[in-house]
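Novice: The primary structure of each chain is shown beneath.
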Amino acid sequence: MNTGWWSDLRYLMRRYPLGVGGAVIMTVFVLAAMFASVVAPLDPFSTNARASLAPPGSKYLMGADMMGRDVLSRLIHGARISLAVALGATALGSGFGAALGLASGYIGGWFDLIVQRLAEIMQSLPLLVMALVITASLGPSLGNTIIAIAIPLIPNVARVIRSNVLSLRELPFVEAAKATGMSEWRVAIVHVLPNTLAPLIVLATAQLGSTILTEASLSFLGLGVPEPYPSWGRMLSESAAEYVRTAPWLVIFPGLAISLVVFGSNLLGDALRDALDPRQRD
Amino acid sequence: MSALLGRLALACLLAVLCLAAPAQAQKQGGVLRVTHRDNPPSASILEEATISTDMPFMAVFNNLVVFDPNARQNRLEAVVPELATSWSLSDDDRTLTFQLRDGVRWHDGKPFTSADVKCTWDMVTGHTASNMRKNPRKTWWFNIKDVTTDGDHTVTFHLNDPQPSLLVMLAGGFSPVYPCHVTAAQMRTHPIGTGPFKFVEFKQNELIRLARNPDYWKPGRPYLDAIEYTIIPNRSTMVLALEAGKFDLTITGELTPELVKDVQAQVPQMQCLVQPSNTQGNLLVNREKPPFDDARIRRAMGLSIDRKAFSDILSLGVDKIGGAMLAPPEGIWGWSPEFMQTVPGYGADVEKSREEGRRIMRELGYGPDKMLPLKVSTRNIPDYRDATVILIDHLKSVYIQGEMEALDSAVWYARLVRKDYSVGMNVQGTGIDDPDVMFFENYTCGSERNYTAYCNPELEKLFHRQSMMKDFEARRQLVWEIDRTLQEDGARPIVYQSQGGTCWWPQVKGLKLAVNSIYNHWRFDDVWLDR
Amino acid sequence: MLSYLIRRLLLMVFTLFGVSIAIFLLLRIVPGNIADILFDSAGMIDPAEKQKIVSDLGLDLSLPVQYAHWIGGLLHGDLGYSYVSEKPVLDEILPRIPITGRLAALALLFAVCTGVPLGVISAVQQNTWLDYALRLFSLSGLSMPSFWLGLLILMAFVHYFGTIPIYDRAPATFWAWVAMLGVPAAAVGFRSSALIMRLTRSSMLEVLRQDYVRTARSKGLSEAGVTFDHALRNAMLPVITVIGVETAFLFGGLIVTETVFNIPGVARFLVEAIRWRDYPMVQNLVMFIAFVVVTVNLIVDILYMFVDPRIRYGQ
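Chains as they are written, first to last, in this note's numbering: chain R, 1 to 282; chain U, 283 to 813; chain Y, 814 to 1128.
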């Protein structure tokens, strides 16, 4: 229905202008990641000695790095990596966290107690420190980076979901469902879970930004995603930062890309929170 | 007559005064502030093999002999006395006797005697037990049968075979004399030497401080009051701080030619020198594990490498191309350009080599649609990573799809030992530009530094033969041939011989760098500050 | 109140215990220990020598025994010896803690002193251009990688002032000292400042709608009085919570900022210790960090109780 979704969109744009802006940024980001090979002007992997540290110009729109690789093409392909890490870590962390929180809130008792304590233990360590130790132990790779960033997310998500579940459990419609003879499992999945989705989405979107930033920090310290994957964070790491004055474009553009995407996800997250979680609306 | 004589005398006097007056008078005093890149694993030079320990702590010690700092090339002819005042070789060239200097004291006041020399070499040859944690250069001293003393000021090295390179090895920065009366553990944290500077403190990851030794046996030296090394791992911060004048000197050989260009553009009066660091990038190839158990794939890999590209990217074209030994004119033992043309894989036509490599791979069933996947392991350090990026790009030209596996040092090392790798990008420094050092450390069967377990007993006989030769030209020819055989065998394909930059402000005077090693000129007893 | 405190303290001990086990195991999961690293830097292997180091350091003992040694020592105040420097861990850590502590405190101070006022302004001027501008500004503060910000600041300093505010044990002038302390603090605190600003704003807005504010207004207090007296105090609750949570996040910012500005603090030291597999150092540092985080959380919860009269635990 043409008029239907168009007027919906206009409504959204008027009500949540910043959110729509964030959504646009994220859409561009995702599209660039998906169609990187088509969109990128040059091959991000081939080294070319003669183009080493070329300034932004007609051929290398955002300049070239020390190996002569086009920065713009690496940024576009890097979107794919950042997206993979962000989505992967967020999905993994939120998924496990939600499952744990759901089970913990619903089952209660010893299980709940143990999970709570484990969560507290994990939360007493800063995100970056945990991720550092994990990648230092396992070695820097795409998979290990995702795992290392996902793990610290789990307790945060679990706690929020758990408190949601606790309050939902007592609500009348759940009691009603149980009274009709539904098994606990079905009640949990059919009735309780959907109502935790809203805060989960808000939480996940909020985490998205921080996972991208954590990956950037890990790569900056040399422990994130390795070659040949063009990670934005690693583009900012030592090799690039050395040429901070002869080739500032190596520092400016990847940093801008990271900031922009995190900015967009934050805008989107704010708007989603306003829309889905009425208690927080201002 | 007398007036003329008088004027002549005056003229002579003036001439003598002019000639005798030094170009500039050295000033006493001042603290030299140096930037350091990396935390030294310990303060004990004998236990380490890295410039991180060598450069700061060499000023604490003396050797028996050193390389003349005024000679740009570290070679046998440039070996001059330090703790030894003279030496003589027996007729059969198997006994080297040193006369030692009188009146030298350790920093804790105890006198230096021949016993200390004997202790040191008994320790590094492994003839006595010691509490050293590591002994990286044990293989250097394979030829020493025994060390004997004759009174406090005479010490004799008894060798199995003649070895002209022994003096060269004794002159290197990694061959200081240690005191008998100090434990190895203390030498790691608070070393005692006889050198121009005393150890003051070493704060992990932060700084190293040395202070002038007022009782140094060289009169009037050192000029500096103290030397201070500040550890700044982040290279951009280090360069910015240098340019802002917070430091006088950088750690040697750590600046890329590109960075040096940047520094000189920002601060035109900065003195910078880009020279061979006698560090080479090479490939460790696991001959026991697929795919490199197949010699054809090893050959294809060797043919894909464009050494000039490595040099262009990593060093603006300044890096040298050569075999195991450092290339001339800086290196003494490297191939001449004519000889190099005869070595397979070193020809100028890269595309032809790569076509040959592709042909080999096609015969094995690989092609643009069926690439051979390969993990290229490397240490997780920018220099290693950069070289690996280039290598992976080159491997594509022979249908090998490489993926970098950047490993933390501990993991890298553990994997190497377990032979749990296919190919590793390795960067290694050689303490002295000498074939005995290079061959015996890296290519002998069972040597600890021989990670790839390359073993060629026939070639090893040649190692020993060249070690005994006194005729330089003949010896060099043999060294060239050995080097060529090593490359043909694909023992450890050499990818580049790097250049490193060192920068210092003009007020640092008396600093002399060598062209064929970064490890040997850091006594700092002739350096002074003009401010 | 007392029973609550005791319960929390017991919980703290339990949590720290759990952290100790976690970090102990995590470090030993994969191959590669200090002996490997020491040999790597020497570029060679001698199995006999390596074995000697391993047994000297007790690395070949069984895991539970090693753990018991560590914890036993910890309870006596003996944190063991660093594998790398061979000095007592306590000697290495203690001098560095005040440096990081000072940086963290200054960063938090910066964050609170800029975040709270800006948040209040933004709330009071809701939906005006100023509000939007401040909101976008704070959001960008949350989006930038903090080491990128640090690098840009360094570049700007060298470009415009010709000096570089990296760590200097003896700053030459007063302004150099101010720059040395203030610049990294701002770089670390920028992110927290943005967070606090946003939270103050939303919390203020929520409070401004509350019934009791209307009541206060009806009592005839001036507009300004209403805003700053009642609303602010109640708005501070979530902010205080955030300060607690931020302590953990702050550490991440401290790690990268100490690296960029070359500050010899505990955070940078931790990264190096991890790289060197210096188990005693890493374990004790991580325990220390966990201790700080847990303690700050406890203090925050107690403060919370005093600030909000409606909450009393255990009742």
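Mixed in with the good hints, there may be bad ones.
With a straight-line Cα cutoff of 30 Å, these simulated DSSO-like cross-link-like pairs (lysine-lysine) come out [said to hold, decoys possible]: (1) K427/U to K59/R; (2) K701/U to K863/Y; (3) K678/U to K59/R; (4) K309/U to K794/U; (5) K652/U to K634/U; (6) K427/U to K900/Y.
In short, the hints are calculated from the structure, not lab data.
Novice: Compare the structure with the hints numbered earlier in the document and write down the numbers of the violated ones, lowest to highest.
Specialist: The structure conflicts with hints 1 and 6, although it agrees with all the remaining ones.
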